[in-house]
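Whole structure, please, built from the sequences with the hints as guidance.
2 protein chains.
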Amino acid sequence: MAKATKLVGIAFALAVALGVGVTIGWFSKPANEEKTTLDQSLEEFDFKLIDEFINAVDAQHLEKETKHLSSKIRWATSQGDYDMADYTINKWKDELDDAWSMDYQILHSWPDEQNCYARLIDTSGAEQFVLRKKEEGDEFQNDDQVLMFYNAFAPPLEEPITTTKLVYGHYCNTENVEWLLGQNANIFTDSVVICKYGGGAGRPDKGKNVKPHGAKAVLIFSDPFDASDENDLTFPDGPGIPEDTVQRGSAKYKRGDPTSPGYPSIEGAYFDDWRDLLNYTREQVESPHIWAPLPSQPFAWGDARHLLSQLEGGAVPQEWKDQSGIETLASFGGAIKNEQEFNINIAVKYERKKSQDVIGIIEGSEYPDEYVLIGNHRDSWIHGAIDAGAGMTTIFEISRLFKELKIKPKRTVIFCSWGSEEHGLMGSIEFVEEFLAVLKERAVLYINADVSFQGNEYFKAGASQQMHELVFEITDYIKDHVDENKSVTDKWVEKTEAEGRPSIGNPGLGSDYAPFHHFGGVPVIDVGFTQTTRKIGIYSTYHTAYDSYEYVKMIDPGFVAAKKVTEVTGALLIRAACSHFFPVDPAPMASYIDGLDEKLPDVGSEVSLAQQNLIKKASSSLKNQLSAIKNIYDSATSVDADKKRSFHRLLSFSKYLTDQNCCHPIQQDLQNVVVASRQEGGPATYPGISNYFGLGNKEEVQRQVGILITRLNAAADYLNLKAFSVRATNEL
Amino acid sequence: MAKATKLVGIAFALAVALGVGVTIGWFSKPANEEKTTLDQSLEEFDFKLIDEFINAVDAQHLEKETKHLSSKIRWATSQGDYDMADYTINKWKDELDDAWSMDYQILHSWPDEQNCYARLIDTSGAEQFVLRKKEEGDEFQNDDQVLMFYNAFAPPLEEPITTTKLVYGHYCNTENVEWLLGQNANIFTDSVVICKYGGGAGRPDKGKNVKPHGAKAVLIFSDPFDASDENDLTFPDGPGIPEDTVQRGSAKYKRGDPTSPGYPSIEGAYFDDWRDLLNYTREQVESPHIWAPLPSQPFAWGDARHLLSQLEGGAVPQEWKDQSGIETLASFGGAIKNEQEFNINIAVKYERKKSQDVIGIIEGSEYPDEYVLIGNHRDSWIHGAIDAGAGMTTIFEISRLFKELKIKPKRTVIFCSWGSEEHGLMGSIEFVEEFLAVLKERAVLYINADVSFQGNEYFKAGASQQMHELVFEITDYIKDHVDENKSVTDKWVEKTEAEGRPSIGNPGLGSDYAPFHHFGGVPVIDVGFTQTTRKIGIYSTYHTAYDSYEYVKMIDPGFVAAKKVTEVTGALLIRAACSHFFPVDPAPMASYIDGLDEKLPDVGSEVSLAQQNLIKKASSSLKNQLSAIKNIYDSATSVDADKKRSFHRLLSFSKYLTDQNCCHPIQQDLQNVVVASRQEGGPATYPGISNYFGLGNKEEVQRQVGILITRLNAAADYLNLKAFSVRATNEL
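Residue numbers (the numbering used here), protein chains in the order written: chain H, 117 to 848; chain P, 117 to 848.
The hints are simulated quantities; they were obtained by calculation from the structure and are not laboratory data.
Treat the hints with caution; some may be incorrect.
Heads up, the list lumps identical chains together, so a pair's fine if it works in one copy or across two of them.
In silico DSSO-like cross-links for lysine-lysine, where the CA-CA straight-line distance does not exceed 27 Å [claimed, not checked]:
#1 524 <-> 602
#2 526 <-> 556
#3 732 <-> 715
#4 739 <-> 556
#5 556 <-> 838
#6 838 <-> 732
#7 470 <-> 838
#8 519 <-> 732
#9 733 <-> 469
#10 519 <-> 838
#11 759 <-> 524
#12 760 <-> 526
#13 669 <-> 188
#14 759 <-> 556
#15 188 <-> 465
#16 522 <-> 838
#17 526 <-> 249
#18 838 <-> 453
#19 207 <-> 733
#20 760 <-> 556
#21 188 <-> 453
#22 209 <-> 526
#23 188 <-> 249
#24 519 <-> 759
#25 760 <-> 838
#26 838 <-> 524
#27 526 <-> 759
#28 524 <-> 760
Okay, here's the thing in structure tokens:
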């Protein structure tokens with residue numbers, strides 16, 4: 117999972133929660149509610165199938181699988197990754213109808229480890245202090261399969277740097293950078309800047325914020341203040357982040373193979389030259405970016421402790437000290453004590469390599485052309501017991517039980533094991549690019565289970581708007597893992613202090629649901645078990661060599677969270693795959709659109725009142741059609757053609773909201789005119805308008821208005837039972 | 117119908133005929149063949165429905181409707197056009213379930229008649245001869261609704277021209293231009309060039325050919341040698357072209373509203389500034405073009421007779437004289453007798469106006485979400501009894517009989533009356549741009565009837581490859597209008613001297629089928645009744661004020677051709693709309709692809725042998741899947757799910773062959789990687805590769821190879837019953 121983008125997703129989810137307000141009108145089905153005769157004629161789904169599944173989920177199996185899959189290093193395209201692909205194919209061949217690998221030829225970026233270094237030297241050039249390249253814990257010290265700390269797709273340095281200007285930039289977010297410039301307008305000129313993860317600035321953003329002021333590179337560490345909870349002991353004594361580590365991760369803005377935008381990286385594909393992309397990203401200071409614009413080097417917080425102790429210059433604000441677990445933090449630097457200099461090289465190798473998506477399939481008995489997909493990535497930065505091990509374990513347990521329980525789905529079920537997610541959702545994007553048309557025609561739902569347990573307190577989910585009702589049906593039905601008198605929903609409400617229903621976030625950009633959601637408009641659900649909110653919302657050993665079996669045992673003793681998230685995930689899959697109909701409700705989408713409409717005035721005169729009214733007219737058409745089709749669906753008294761048509765329209769209308777020219781100049785996979793992420797600081801209205809407004813591109817704002825109106829109308833027309841008539845009816 | 121593009125279509129159809137060779141393996145069903153029990157279980161379609169329809173088609177109704185609709189001038193957006201839209205809505209509201217107008221705001225170009233002139237003057241500036249602006253026949257002389265002769269979207273002159281350099285360029289095709297340059301390398305510098313229609317150079321091509329050599333404008337006339345048959349008397353004494361007329365027509369390369377490429381021109385849409393397009397087309401000398409690159413003025417051949425008599429300079433080749441009906445042709449000019457000068461202005465008004473598509477609908481009883489569409493344009497240059505009257509008459513008679521015979525289709529039938537076709541397929545393109553996703557999901561077939569009778573000898577058709585079998589089933593079934601012992605097919609074979617089956621051309625770019633075929637990949641059939649091939653393949657009064665009711669009566673006495681084409685067209689519609697299944701055969705497509713593969717070596721080393729082999733591997737996948745799915749379809753013994761799935765795949769696979777970046781830099785609606793038109797002189801292989809090869813763009817040829825491989829694979833995957841497995845299977 118890519119954290120930089122995940123943070124955006126979280127920020128966006130918060131915006132969603134505000135936009136939606138209290139979601140309304142969903143349809144809950146507690147286990148003990150008596151069904152009417154009408155319900156039964158419409159809905160033959162028997163919850164006994166879910167009961168049977170839940171009872172069969174086995175914590176011991178989950179633990180065994182976690183141990184097995186985290187026993188080998190499996191970064192993308194490593195031998196461990198390829199071996200795990202073979203394991204997955206064989207497992208699914210045994211458990212499902214068939215399984216195979218879809219191979220892609222994808223551009224990856226790797227650290228050129230031999231040529232990378234970072235150190236303090238004295239005036240004679242003698243080493244004073246050398247930054248660690250990787251973890252030093254016994255288990256990992258001598259394993260040359262462990263990748264050094266690096267940010268994939270951050271550009272290399274054009275030549276090594278030796279500088280006296282070492283600056284502490286805190287989170288290196290815009291506020292921090294502004295403060296430092298206030299101290300000294302030239303502070304960043306020819307500098308190397310020490311940043312820490314978090315603070316609302318993603319991996320590539322830190323370099324982006326300091327590059328315009330002359331910085332040459334950034335160093336990034338994980339401060340235990342942000343990565344651990346207050347009283348955590350460091351692992352293995354507790355779940356806190358060890359001092360010799362830091363998260364790796366991709367610093368790419370654009371998802372997918374950057375050399376084949378919009379197309380799968382298959383044999384015979386056309387590839388842009390990566391050298392052109394590298395030059396572009398180096399020359400480009402302001403947005404939009406493809407890759408991080410500045411070289412960046414992650415390093416351990418134990419080493420940060422020393423570096424910060426060597427800085428000379430003015431004092432940092434007290435607030436920065438309050439936000440830090442590094443006791444040596446005092447000066448923001450600009451110079452180094454004792455005439456030391458900082459000497460660094462960041463070297464990168466670009467290589468196109470085979471990346472595998474493993475596909476396993478069970479053909480549906482009644483609706484073979486309706487696909488319910490479930491997936492997660494297979495690659496991890498090191499052993500990845502949680503990322504991506506948790507999701508792998510969840511999915512493997514489900515596939516195992518499909519065989520053991522002889523589950524025969526009505527719809528075709530497709531299990532997916534994606535490759536190269538950590539490099540920027542490579543495997544899933546290339547897959548969706550290859551099969552976009554077929555997915556638009558046939559995909560009913562994609563369920564994602566990535567970091568499906570990183571804590572053991574409560575279940576939460578992100579989901580497409582029309583899927584909220586399905587999520588709640590299942591979390592209402594399944595009991596909490598601690599208190600049998602509570603449902604999974606009850607605990608979720610309790611832990612998040614929600615009023616009414618818990619909030620379900622809009623899917624962001626952090627895992628393999630993104631191409632389905634943003635590019636295909638396919639309904640998605642992303643599952644996960646977590647703790648009450650931690651400071652940066654992610655477990656401390658994320659993307660380190662300590663994301664291990666031992667760590668999982670510490671945060672989820674007995675694998676009870678793993679079992680519970682597997683129960684919920686499997687139940688969602690079974691419910692969607694094994695019944696003629698399942699809950700679907702457009703009400704959250706209608707509320708969400710209302711929120712976007714309300715924020716239209718925030719773009720001021722950039723979008724005229726007449727245009728705002730045309731947008732609202734089109735969004736009303738969509739809401740009216742959603743409401744009309746829901747009425748048809750609800751009022752049907754038998755499984756007739758109208759019932760089926762209205763069901764599918766309610767599921768799939770989001771596929772008709774995508775447009776190849778919405779919503780971002782570079783991030784071409786963000787194509788949903790309503791739910792695409794807002795990323796450039798524009799107002800909280802429709803994303804195409806917002807993103808180009810944020811970039812100051814007035815002409816493109818105008819184009820986005822036209823695209824938005826066109827797609828809102830088109831989705832309304834898709835929903836309407838009477839062909840091509842929505843706009844004509846509006847005009848009369 | 118736009119002739120320039122039609123000629124390309126014809127040229128392409130010939131290429132297709134060669135590529136396909138003798139089509140193989142279709143399924144014919146003569147009327148008297150006995151059905152097996154198996155057939156009956158699969159196919160409940162009763163040909164009595166077609167018999168009943170055929171018997172009810174009424175020549176008197178056809179004649180009456182032709183007279184009515186050609187009684188008023190109805191150029192696009194004229195009052196006559198809007199009135200006819202109202203008439204159509206009311207008629208279809210009465211005959212069908214419902215009807216309405218879809219309105220678009222489309223950029224049109226109009227002649228600024230008051231500021232247009234073309235004349236010979238003497239040295240004092242006194243007028244010696246003035247070219248007519250429009251027909252002078254009694255009926256039209258004083259009707260100011262008659263549009264002057266003009267080429268829509270040819271650019272205006274930046275200022276009036278007075279020149280002594282008047283040059284005769286014959287057809288102004290590349291061969292003619294080369295010959296003249298051989299006489300005098302500077303002959304075109306600052307000249308006005310007299311061209312005639314035909315000779316393989318379309319409306320915009322003539323200016324394109326002479327502009328690089330310094331010409332400032334072209335005059336274009338219709339030579340009776342090309343427009344009439346040898347012994348024709350001129351109308352109204354015979355079907356020959358009168359001396360006071362010339363065809364109007366669009367000189368635009370790119371179809372649809374040029375200011376909204378890819379998007380519908382609806383209220384709120386974003387429009388490019390037409391001034392930018394005008395500047396672009398003026399500055400651009402070489403391909404690719406949007407509009408004609410040079411101002412052009414059509415004029416009457418009677419006036420050409422005088423102009424040519426006034427030319428001074430070398431003698432034209434004897435061949436040019438042999439190819440001319442103008443007795444004064446002698447010199448190719450360069451100067452004008454008696455110190456006369458040629459003085460011309462071409463002035464244009466650009467205006468965005470409401471253009472209406474009228475839609476009429478009958479909801480299908482069994483498959484309401486499967487659409488069979490039938491359509492034609494409503495606008496004509498003047499009265500348009502044939503263009504678009506013939507098709508309108510055909511379609512109106514069919515809608516009348518749907519009511520009278522109480523035909524209840526299984527699929528939804530949609531009648532379409534397109535606006536502004538003559539300006540470049542505006543109405544149909546905007547419609548397909550608006551509803552592309554829904555059409556890709558639901559459209560089963562689009563039937564086009566434009567110039568559906570321009571002669572009374574035999575029926576012919578253009579069609580998507582998989583529709584050939586349906587066409588032949590109907591033309592085998594229906595009897596010839598002259599000889600009851602022959603079928604429509606028999607006469608077609610006889611008149612075209614075909615060996616075996618007559619050739620069905622690949623749909624080109626000449627009428628409203630183009631956006632369905634090229635942009636949507638929707639199966640199409642284009643119908644027409646014609647004569648044995650005339651010199652330029654079109655009737656003499658095409659796009660003139662003489663395309664009138666009187667002219668129709670002369671070429672189709674008794675409206676027997678009109679009746680026969682209506683029988684065939686209606687039967688095609690009924691067959692497709694009223695039965696569970698209808699004939700569909702992928703064999704012609706397989707042969708066609710073989711032809712394209714065979715021509716791959718013609719691009720030489722631009723496409724490596726390894727790439728050629730990857731293309732052939734992908735095309736083999738597609739052919740294999742077509743064959744496999746046809747076997748499943750044929751071997752089904754009941755109307756089961758596999759039968760339906762395979763039927764729909766055989767119909768719709770062409771929708772999966774489209775790509776937004778294939779196949780042309782400007783003509784963005786040409787998106788089918790197999791059947792897009794080849795236009796830039798490249799080899800007769802896949803169109804994306806061919807077109808960019810023709811433009812000399814090596815990098816884009818490489819990109820097109822990747823796109824082609826991707827889409828061939830994607831279409832194969834769509835056809836395959838097992839999801840996502842085609843490429844994986846190939847790799848194993």
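Hint check results:
Neither within a single protomer nor between protomers do residue 524 and residue 602 lie at most 27 Å apart by alpha-carbon distance, with minima of 30 Å and 56 Å respectively. For the identical chains of this complex, residue 526 and residue 556 are neighbours both inside a copy (19 Å) and across copies (25 Å), given an alpha-carbon limit of 27 Å. In this assembly of identical chains, the alpha carbons of residue 732 and residue 715 lie at most 27 Å apart only when taken from the same copy (11 Å versus 53 Å across copies). Taking CA atoms no more than 27 Å apart as the test, residue 739 paired with residue 556 passes in both settings, with 21 Å inside one copy and 23 Å between copies.
Proximity of residue 556 and residue 838 under a CA criterion of 27 Å is satisfied in both settings, with 21 Å inside one chain copy and 16 Å between copies. Only within a single protomer do residue 838 and residue 732 lie at most 27 Å apart by alpha-carbon distance; the minimum there is 22 Å, versus 42 Å between protomers. In the homo-oligomer, the alpha carbons of residue 470 and residue 838 lie at most 27 Å apart only across protomers (24 Å), although the nearest pairing inside one protomer, at 47 Å, exceeds that limit. In this assembly of identical chains, the alpha carbons of residue 519 and residue 732 never lie at most 27 Å apart, being 50 Å within a copy and 39 Å across copies at closest.
Taking the shortest Cα distances, residue 733 and residue 469 sit within 27 Å of each other only across copies (22 Å), while inside one copy they are farther apart (49 Å). Taking identical chains as interchangeable, the C-alpha atoms of residue 519 and residue 838 lie at most 27 Å apart only when they sit on different chains, with a minimum of 20 Å there against 43 Å within one chain. For a Cα distance limit of 27 Å, the shortest separation of residue 759 from residue 524 qualifies both inside one copy, at 23 Å, and across copies, at 22 Å. In this homomeric assembly, residue 760 and residue 526 come within 27 Å of each other (Cα to Cα) both inside a single copy, at 14 Å, and across copies, at 18 Å.
For a Cα distance limit of 27 Å, the shortest separation of residue 669 from residue 188 inside one copy, 17 Å, qualifies, whereas the shortest one across copies, 85 Å, does not. For the identical chains of this complex, residue 759 and residue 556 are neighbours both inside a copy (20 Å) and across copies (22 Å), given an alpha-carbon limit of 27 Å. When the C-alpha separation of residue 188 and residue 465 is checked against a cutoff of 27 Å, the pair qualifies only within one copy, where the shortest distance is 23 Å, while the shortest distance between copies is 72 Å. Only between protomers do residue 522 and residue 838 lie at most 27 Å apart by alpha-carbon distance; the minimum there is 21 Å, versus 41 Å within a single protomer.
Neither within a single protomer nor between protomers do residue 526 and residue 249 lie at most 27 Å apart by alpha-carbon distance, with minima of 51 Å and 70 Å respectively. Taking the closest pair of Cα atoms, residue 838 and residue 453 never come within 27 Å of each other, the shortest separation being 76 Å inside a single copy and 67 Å across copies. Taking the closest pair of Cα atoms, residue 207 and residue 733 never come within 27 Å of each other, the shortest separation being 52 Å inside a single copy and 30 Å across copies. Within a single copy, residue 760 and residue 556 get their C-alpha atoms as close as 17 Å, and across copies as close as 19 Å, so both meet the 27 Å cut-off.
Taking CA atoms no more than 27 Å apart as the test, residue 188 paired with residue 453 passes in neither setting, with 43 Å inside one copy and 93 Å between copies. For the identical chains of this complex, residue 209 and residue 526 are intra-copy neighbours only, at 20 Å inside a copy versus 42 Å across copies, given an alpha-carbon limit of 27 Å. Taking the closest pair of Cα atoms, residue 188 and residue 249 come within 27 Å of each other only inside a single copy of the chain (20 Å); across copies the shortest separation is 84 Å, beyond that limit. Taking identical chains as interchangeable, the C-alpha atoms of residue 519 and residue 759 are never at most 27 Å apart, the minima being 31 Å within one chain and 29 Å between chains.
Within a single copy, residue 760 and residue 838 get their C-alpha atoms as close as 15 Å, and across copies as close as 23 Å, so both meet the 27 Å cut-off. In this homomeric assembly, residue 838 and residue 524 come within 27 Å of each other (Cα to Cα) only across copies, at 17 Å, whereas the closest approach inside a single copy is 35 Å. For a Cα distance limit of 27 Å, the shortest separation of residue 526 from residue 759 qualifies both inside one copy, at 17 Å, and across copies, at 18 Å. When the C-alpha separation of residue 524 and residue 760 is checked against a cutoff of 27 Å, the pair qualifies both within a copy, at 21 Å, and between copies, at 22 Å.
Violated hints, listed in ascending order, are 1, 8, 17, 18, 19, 21, 24; each of the other numbered hints is respected by the structure.
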